[in-house]
Amino acid sequence: MRAVVASKLPAGLRWTLVALAAGGFPLGLLIVALTWWSAWSWLGALLVSFSPLVAARLYGRFFRAQDIRPAMLRYNQRLTLNMVVYFALLMASIILHERGLTEGALGYVIAAVPALPIVNCLVLMARWLREESDEVVRAMTLDAIVWAGGLTLGEATVWGFLETFGKVPNLWMWLAPLAFFAQFGITAPLAARKYR
Amino acid sequence: MRNCLRGLRTERGWSQADLAERLDVSRQSVNAIETGKYDPSLPLAFRIARLFDLPIEAVFQDGAEADAEG
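Those protein sequences? They're chains L and P, same order as listed.
For the record, in the first sequence the residue sitting at position 185 is 185 according to my numbering, with numbers rising by one throughout.
Quick note, my numbering runs 196 ahead of the 1-based positions in the second sequence.
So that you can see chain P by itself, here it is in the shape it has in the complex (with noise of 0.2 Å):
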């Protein structure tokens, strides 16, 4: 799965620690997920996304997809 987490957190002006504070996540879920390291569960997937103010498929795009958009 891809996101785009962290050109969403930067437009903000957000470290990866306020990130993760405002998720209640540690600094290292934060960098996993923005790195693609590690794929969050559908509840923080949709925290993520609330918190932002988009659609889910707005932050996370399928691997499958983004390649055949790309």
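Excised from the complex, chain L in its bound form (with noise of 0.2 Å):
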């Protein structure tokens, strides 16, 4: 077990440092609906994908004393290559798909591609769930799952009845497990707090 012990860094300087990171999301999604399928709109969506990770990993470097497992270690250093695959096969489906080569079969091919690391961060998570000895961790992260899965699909149900009764536009599916991962960042702190 590796003790990661909270930095000396002043106070404001941390939090600075973490707001930057965080404050990448809100501007990824600015970046994105501003430019649209540009070069630009990868960009953001780098910083949508990566900056919660960031500001989490800041977070817990400069305000917590904490113990990092082995297994969540191995669980973020899956994480983030996965993510790296998932962007490199984002950016290649989307030549791809500019040059014409996404018609016929193969096209069904080239648009699901980006979707399987998306699936494999779920089973990144098993496997983390799975190598974890520690119970209480389990126990948390599974309450953390259930609640971000619970509030993932509730929501998806509100909203494609109201999307169903024409009250609210169309939203992609892939949405659905972006909005579980972000829930997940909220409800995993909440939980570790039943057992603190």
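Incorrect hints may appear among the rest.
Looking from chain L toward chain P, a few residues come up when the C-beta cut is under 7 Å (computed) [claimed, not checked]:
(1) 134
(2) 135
(3) 136
(4) 137
(5) 165
Listed below are several chain P residues computed to face chain L (Cβ distance under 10 Å; list not exhaustive) [as the list claims (entries may be wrong)]:
(6) 220
(7) 227
(8) 229
(9) 233
(10) 234
(11) 252
Keep in mind the hints are simulated off the structure, nothing from the lab.
Using N, Cα and C, we set each Cβ at its ideal position, and we do this for glycine too.
Dock chain to chain to rebuild the complex, using the hints, since each chain is given by itself in its own frame.
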């Protein structure tokens, strides 16, 4: 087990760095919205995906002297590699689509390939839980997963009915796992409070 | 379930981190068990009892029993 000691940097600087990292998320969303389907939108997508991860890591490092369990460390490493693969596949699919190569049967494969690393995020999470020997960490994580999953399903159901009755616009289904992971980021620290 | 883990730990002069390392669990787990916020599984409860060289019922007591004794 590797103990990470809270940083000695001044608190103001620590908060500023965390805020800058977290600010990448709304900035990324704005860039994606303003530069849809251009090269700049990739930068926005990168910011949207990595900012929460970086902000969470900085927060943990700066403000909480905590144990990093080996299983969690391996999960973080695999997740980072997985996200790099995701962006490579996403960019490849977008480029191929822009060049008109997504016609026919192969088009289905090209369009579906970026989903694989996102699905793999769930597999990585299951693997982390299987490898984690600490039962409190497992219980906390399962609580957080159940809450985040329940919230996501509930929101998707409500949105689906609103959409059916023409009250809200159509949303892409791939937003569901993103909503799940974003909410897991909120439910995980809340679940941890129960055992503190 | 109640337990006397904190007392047993402090008797030996161990910190929560020391005990966590001996049990191969997180410090947060030790704290959660000590404060009664988490009841350990039977395998972990046996590991704890073995570490202190005590029978399991000397470390952990059923809440109702502890109330009756107390």
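Hints, verified against the model:
1. The interface hint given for residue 134 of chain L is met, as the beta carbon of that residue sits about 5 Å from the closest beta carbon of chain P, less than 7 Å.
2. Residue-level restraint check for residue 135 of chain L holds (minimum Cβ-Cβ distance to chain P is 6 Å; threshold 7 Å).
3. Because the smallest distance between the Cβ of residue 136 of chain L and any Cβ of chain P comes to about 4 Å, under 7 Å, the interface hint for this residue holds.
4. A distance limit of 7 Å between C-beta atoms decides the matter here; for residue 137 of chain L the minimum to chain P is near 6 Å, and the interface restraint holds.
5. Violation of the interface hint for residue 165 of chain L is found here, the shortest Cβ-Cβ separation to chain P being roughly 44 Å, above the 7 Å cut-off.
6. This hint holds: residue 220 of chain P has a C-beta 6 Å from the nearest C-beta of chain L, less than the 10 Å allowed.
7. Given the 10 Å rule on beta carbons, the hint for residue 227 of chain P holds: about 7 Å separates it from the nearest Cβ of chain L.
8. The interface hint given for residue 229 of chain P holds, since its Cβ lies 8 Å from the closest Cβ of chain L, which is under the 10 Å cut-off.
9. Against a cut-off of 10 Å between C-beta atoms, the interface hint on residue 233 of chain P holds, since the closest Cβ of chain L lies about 5 Å away.
10. Checking residue 234 of chain P against chain L: minimum C-beta separation of about 5 Å stays under 10 Å; hint holds.
11. A hinted interface residue such as residue 252 of chain P counts as satisfied when its beta carbon comes closer than 10 Å to some beta carbon of chain L; here the least separation is about 16 Å, so the hint is violated.
Hints 5 and 11 from the list above are not met by this structure, while the remaining hints are.
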